[in-house]
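Chain G is fixed; fit chain H onto it per the hints.
2 protein chains.
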Amino acid sequence: MPELRKDPVVGRWVIVSAERGRRPSAFGALTVPSEASMCPFCHGNESETPPEIIAHRPGESEPNEKGWSLRVFSNKYPALIVEGELAPEADGLYDRMHGVGAHEVIVDTPEHGIDIADMTIDEVKGFLSAFRERMIDLQRDIRFRYILIFRNYGRAAGASLEHSHSQLIATPIVPKRIAEKIEGAKRYYDYKDRCVYCDIIRQEIADSSRIVSDHDAFISYQPYASRFPFETCIIPKAHQSSFLELTDHDMTLFAESLRDSLRRLKLALNNPPYNFILCTRPVSDESHNHFHWHLEIIPRLTRVAGFEWGTGFYINPTKPEDAARFMRDVDVKNYQPAERKLQRKVVE
Amino acid sequence: MPELRKDPVVGRWVIVSAERGRRPSAFGALTVPSEASMCPFCHGNESETPPEIIAHRPGESEPNEKGWSLRVFSNKYPALIVEGELAPEADGLYDRMHGVGAHEVIVDTPEHGIDIADMTIDEVKGFLSAFRERMIDLQRDIRFRYILIFRNYGRAAGASLEHSHSQLIATPIVPKRIAEKIEGAKRYYDYKDRCVYCDIIRQEIADSSRIVSDHDAFISYQPYASRFPFETCIIPKAHQSSFLELTDHDMTLFAESLRDSLRRLKLALNNPPYNFILCTRPVSDESHNHFHWHLEIIPRLTRVAGFEWGTGFYINPTKPEDAARFMRDVDVKNYQPAERKLQRKVVE
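If you're matching them up, the sequences are chains G and H in order.
Last residue of the first sequence: number 351 in our numbering, and the count goes up by one each step with no gaps.
Last residue of the second sequence: number 351 in our numbering, and the count goes up by one each step with no gaps.
This is chain G alone, in the form it adopts within the complex (with noise of 0.2 Å):
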């Protein structure tokens, strides 16, 4: 059973999962499947993974079987166990209780070697309904306080395997970046009796300098004090503190801004590794008002970040105003997305 252990300094919350672990001398020495017939992710490997929880299946095809478009399935190596009582309880000084969560895994395409800059917006649009539906459904489990969805893409992202997916991790604490960002927009609501994420779109609006693209219902942006070159967030520009209040014709907008903004980067960096990180309202807080969803999306660009997770301290050598203005002024009108070679086979 994996732990949640609390730093008695600082608050945080560890998952210490040593079901995960290896021997020291194995670290580094992982080796991932890249080649599509390896893959436990693709079509036509459905027995490779546990069970489907959910799937989008166009045709007909049976649970676990091909012919699915989309598939949410429990994560072979689970960070936290579903089952089981949280047991709070003190060693010590210390705090800890059972790694009691849910991890998941969505796969949003059968297909080896695409990402989501080559998807239809159908295709993004079926992968967020089902965050939506995962989220849905997960957050009535009154263990959990927080449904966290992000995505590593590419092996410097910590992408374990190489076929597009993402993950869903439903835990019984917050998050503690996500817990800042909550308690510090409260805070400004408390003083001001307004959502700091609407007095920043108004003014990356009217500023325009660090604004990626503008897709009606929502701006690409890149933050004022960013940490990382081509840091990117994508925010609803009407108030909505859950992803989950995003109506379905505002998730084509999203799916688009979503889709160009990966476009984008994949142009300027060519193809970088990223992770992407849903930041919405956590399950067990009930006011609508102080925070407002987005979606952060981090390049993982090479050499940049040493000592800064160890700090909380970050050096930008790249001032998201150039940023910006290097992703508007990509060709992104003439993205040419990867060839397509399943599309067939899955339809038959």
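Just so you know, the hints here were simulated from the structure itself, not pulled from any lab data.
Keep in mind that a hint or two might mislead.
Identical copies look the same in the list; a pair holds intra-copy or inter-copy alike.
[Claimed, not checked] No more than 27 Å apart at the CA atoms, straight line, and that leaves these computed lysine-lysine pairs for DSS-like:
(1) LYS69 x LYS240
(2) LYS79 x LYS9
(3) LYS195 x LYS69
(4) LYS9 x LYS189
(5) LYS344 x LYS269
(6) LYS195 x LYS179
(7) LYS240 x LYS269
(8) LYS189 x LYS179
(9) LYS240 x LYS9
(10) LYS344 x LYS179
The following block gives chain H in isolation, referenced to the frame of chain G:
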């Protein structure tokens, strides 16, 4: 002029340093001279660096010439600039100030390819006393609130040059994670009238399962809620708020403890890249009661940490107790330091 910008939600200051910037296409394209003849930090290449601020020269030799055992100089590509006023100002709802500060490099050996694990205790004490000397000098400057000393060893840990060195950044703000530690320690002190680190030390010694080694006045241990596998903390057993309170006698013990921990990490993990960070009382903090200085060592093991820096949510696949046992069990007594080639030439 680099700029300090503050995140309006979480209050984190970031250095935006376009002087260090490059075209986006250059990311990942940096090359590093690994041959000693090309290395600006090597003995004989003194003209390749900015002029030295201090140096240890065991024999008779001139500044910026051969014959040194340690040199400190300004970083050639500084993240912050030492001249000028802070000039804090608003930028709409954002906050910024000039990127004023000091950024120095401490080259602790003239010989390429030597790390701390291979040094004599006198050499380790040599660079520790250089840290102290620079801190004492820089804390006279009232613009600075924190003096951050850190080390990146290995490319994966962010070292841009292979030659052994540490860095110092004096900043007009307290880095966020240091500030969080200080606030957490203060909260604990206000509630309990005891230092949280003193309580941790008592519990760790009594429990012993996370202790790596005990060097009389210091323990090296794996923190209870370690974020990373083999994260190691070295801390004085007696309460000391600042590294500057270290006596000469204890400096020897600290040097032994540091070298011992780095030797154990090198043996346990096959010479891993690592960062270390000296966490000490800020210049601007007058209370000696609640903080307790320590040194954090974070080995950078491949493929650990992906989305973590985006969320502040860490998954540690190695139990600290397992890591501590492994570090205790390595054959550190028979550690063979790397062969020294330069020593004679330096003394000549």
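Quick rundown of the hints versus the structure:
no. : hint            : in the structure
1   : LYS69 x LYS240  : neither (40 Å within a copy, 61 Å between copies)
2   : LYS79 x LYS9    : within (25 Å within a copy, 40 Å between copies)
3   : LYS195 x LYS69  : neither (54 Å within a copy, 61 Å between copies)
4   : LYS9 x LYS189   : both (24 Å within a copy, 17 Å between copies)
5   : LYS344 x LYS269 : within (21 Å within a copy, 47 Å between copies)
6   : LYS195 x LYS179 : both (24 Å within a copy, 24 Å between copies)
7   : LYS240 x LYS269 : within (25 Å within a copy, 51 Å between copies)
8   : LYS189 x LYS179 : both (15 Å within a copy, 19 Å between copies)
9   : LYS240 x LYS9   : between (36 Å within a copy, 22 Å between copies)
10  : LYS344 x LYS179 : neither (42 Å within a copy, 48 Å between copies)
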